[in-house]
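Protein chains in written order, with my numbering: chain R, 53 to 391; chain L, 53 to 391.
Hints in this document: simulated from the structure, not taken from any laboratory. Mixed in with the good hints there might be a few duds.
Residues from chain L shown here face chain R by an in silico Cβ test under 8 angstroms; the list is partial [as the list claims (entries may be wrong)]:
#	residue
1	K197
2	E200
3	P206
4	T207
5	R232
6	V233
7	E268
8	H271
9	F278
10	L300
11	G301
12	L302
13	M305
14	G306
15	A385
16	L389
Facing chain L, from chain R, some residues (calculated, C-beta under 7 angstroms) [claimed, not checked]:
#	residue
17	P195
18	K197
19	P206
20	R232
21	H271
22	L302
23	L313
24	A385
25	P390
DEER-style ranges, computed between Cβ atoms [what the hints assert, rightly or not]:
#	chain 1	residue 1	chain 2	residue 2	range
26	R	V291	L	G127	49 to 55 angstroms
27	L	A382	R	A220	22 to 28 angstroms
28	L	P229	R	A185	54 to 60 angstroms
29	L	V291	R	A94	53 to 59 angstroms
30	R	H146	L	P365	41 to 47 angstroms
Being a predicted model, the structure only gives us computed values, none of them experimental. Cβ atoms here follow ideal geometry from the backbone N, Cα and C, with glycine treated the same way.
There are 2 protein chains.
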Amino acid sequence: MSPATVTILGAGAMGSALATPAATAGNRVRLWGTWLDDEPLAELRAGRPHPRTGVLLAAGVGLLDAPGLHAALDGADLVAVAVSSDGVLEVVRHAAAALTPGTPLLLCTKGFGRRPDGTVDLLPPLVAAELPAGCPVVAVGGPCKANEVAAGRPTAAVFAGDDPAVVAGCARTLATPAYRVACSGDLPGVEAAAATKNVYAIAVGVCHGLAEAGGEPWHDLAAASFTQAVAEMRRLAVVAGGREETVLGLAGMGDLEVTSLSGRNRVFGARVGRGEPPADALAAMAAAGQTVEGVPAARLAADLAARHGLDLPLLAAVNRVLDGAPDPAAELAAAVLPS
Amino acid sequence: MSPATVTILGAGAMGSALATPAATAGNRVRLWGTWLDDEPLAELRAGRPHPRTGVLLAAGVGLLDAPGLHAALDGADLVAVAVSSDGVLEVVRHAAAALTPGTPLLLCTKGFGRRPDGTVDLLPPLVAAELPAGCPVVAVGGPCKANEVAAGRPTAAVFAGDDPAVVAGCARTLATPAYRVACSGDLPGVEAAAATKNVYAIAVGVCHGLAEAGGEPWHDLAAASFTQAVAEMRRLAVVAGGREETVLGLAGMGDLEVTSLSGRNRVFGARVGRGEPPADALAAMAAAGQTVEGVPAARLAADLAARHGLDLPLLAAVNRVLDGAPDPAAELAAAVLPS
Chain R
53 MSPATVTILG AGAMGSALAT PAATAGNRVR LWGTWLDDEP LAELRAGRPH
103 PRTGVLLAAG VGLLDAPGLH AALDGADLVA VAVSSDGVLE VVRHAAAALT
153 PGTPLLLCTK GFGRRPDGTV DLLPPLVAAE LPAGCPVVAV GGPCKANEVA
203 AGRPTAAVFA GDDPAVVAGC ARTLATPAYR VACSGDLPGV EAAAATKNVY
253 AIAVGVCHGL AEAGGEPWHD LAAASFTQAV AEMRRLAVVA GGREETVLGL
303 AGMGDLEVTS LSGRNRVFGA RVGRGEPPAD ALAAMAAAGQ TVEGVPAARL
353 AADLAARHGL DLPLLAAVNR VLDGAPDPAA ELAAAVLPS
Chain L
53 MSPATVTILG AGAMGSALAT PAATAGNRVR LWGTWLDDEP LAELRAGRPH
103 PRTGVLLAAG VGLLDAPGLH AALDGADLVA VAVSSDGVLE VVRHAAAALT
153 PGTPLLLCTK GFGRRPDGTV DLLPPLVAAE LPAGCPVVAV GGPCKANEVA
203 AGRPTAAVFA GDDPAVVAGC ARTLATPAYR VACSGDLPGV EAAAATKNVY
253 AIAVGVCHGL AEAGGEPWHD LAAASFTQAV AEMRRLAVVA GGREETVLGL
303 AGMGDLEVTS LSGRNRVFGA RVGRGEPPAD ALAAMAAAGQ TVEGVPAARL
353 AADLAARHGL DLPLLAAVNR VLDGAPDPAA ELAAAVLPS
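Pulled out of the complex, with its shape left as it was, chain R reads as follows (with noise of 0.2 angstroms):
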């Protein structure tokens, strides 16, 4: 392969752990961050560990920032979007003029947002429709923690989308020894997964936090909130146009398993679980410049279950612990055990 110019927007921890694959895979890499991703540009500037990953950035990945977004799509061949998905349609907005008509758009960022008319839709068509005709959006599923790709320890990702050329040749300029790229026709059902897995990690994490309260484990309860999950994300990705089995592998249960073991939606879980309540969770971490994906996520995924009328369990629970309600413990006991 001829190197490719790979154009990473977004240097939070993401952006910038994409690099360390796309660089080793011998493409010319520019990181490109938003006008909220000065200080961890400064200290990548500066040699220092990013501050979100703790990892030095790869050698030879052009630095840009937020007035440089046009010279960093210059002549780019893939371009990777990894801002938070509150910034993201705002961004590509921005980028659609510089975009050569062709130039695969590989999402990184999840989430669910608004069309237009209010409905809840999956982040990639609400991207394609703020870029120029021709342009594919790929989408990035599977468990992969921005800190181990960054450091380069062995990470599956799947690439998704409607023309497997497109998603092929997105996995051949990323994919290196270490971060392994399954590709998939399945583009719904991975991003509904990936979506959802962060509200169920929520779930996950409140039983941690009960845990870490009493100082027993709860760990009984958190496997059967992880296989309630796992149902009703297979309930959604349907309902959202992809297939089941999609939810079954990397891109689904392997995501939500690494989604429950480290990040924020556990943290902001058990935080939960040992006591305080969600509205103070939620602003001391925002404070801390900690965005919960799964927290807004929850809120868009129950509008997208009741326009489908699907009856989700744990789904409801996790948004009436949201809601404050006071026992977390009995909410997801009553939605995940038999009856």
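Got chain R sorted already, so can you dock chain L onto it with the hints?
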């Protein structure tokens, strides 16, 4: 419901734990210990916690030691068997003469065994062959850690057998608000999942051991291993005569999750992941009285897979690791990451 007489055979962790729901549900409960259970019986008789669960025995439970087997079984309406897999057939053989025909036998012991001709089979048919005619076997699965069942924390169990009325009767006898029971007609699926999850929890444990050794998470590899484990458990359940959907529920994915969170199989895997030779880790755990059920199950599952022509890369990798393969991380990565 009128109270039943419930006899539990085996006073190890799970046997003594099951006394909690059995007594809470209002039954007359007897707990019988094998010739290996003298120490926990002595602790329980002295009013101290069980040495394995750390939990006091439920009030009113009668304790009997090895010579009292037939007295323990006299008039029993339900017999639960919770001795280790290497002793279960011998205990059942001794118990058979004292069982009233028609008494259901609830099998908590998990694993594979060998038929007289040497081929591998699940435990229930091997146990049934030792029983008087008309004593149905009901298998227990699901994410149930003994210490949590003993303490009365929320737990989902799965009872599986061929006769729905018998399974439902066992569930009615033992279920409590904390110990919830789902009924299943898929005995081979539940049993196959229960036996194989121990094997795969070793793999997940190796990843956690790699993390402990290096001080950096290997969650991505753990999650990919978990996902591949469920995929292989589905295939093993089918060749054992069970259903894939059973593996995707509490008895499969749920039990794998809880077994990957804690327990001897995870602990053994973590020791290997930290660099201890498997034979040394196994010997050290055996010296501490800790059976690692997943180790013999890995060999027997490989036999079963080979007989049915299944190619299961993670099962093969676990067996190579048990054989002392020098780089467990590389074995797992080759087996579970996309190629």
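Taking the numbered hints from earlier one at a time, note which ones the structure violates and give those numbers from smallest to largest.
none
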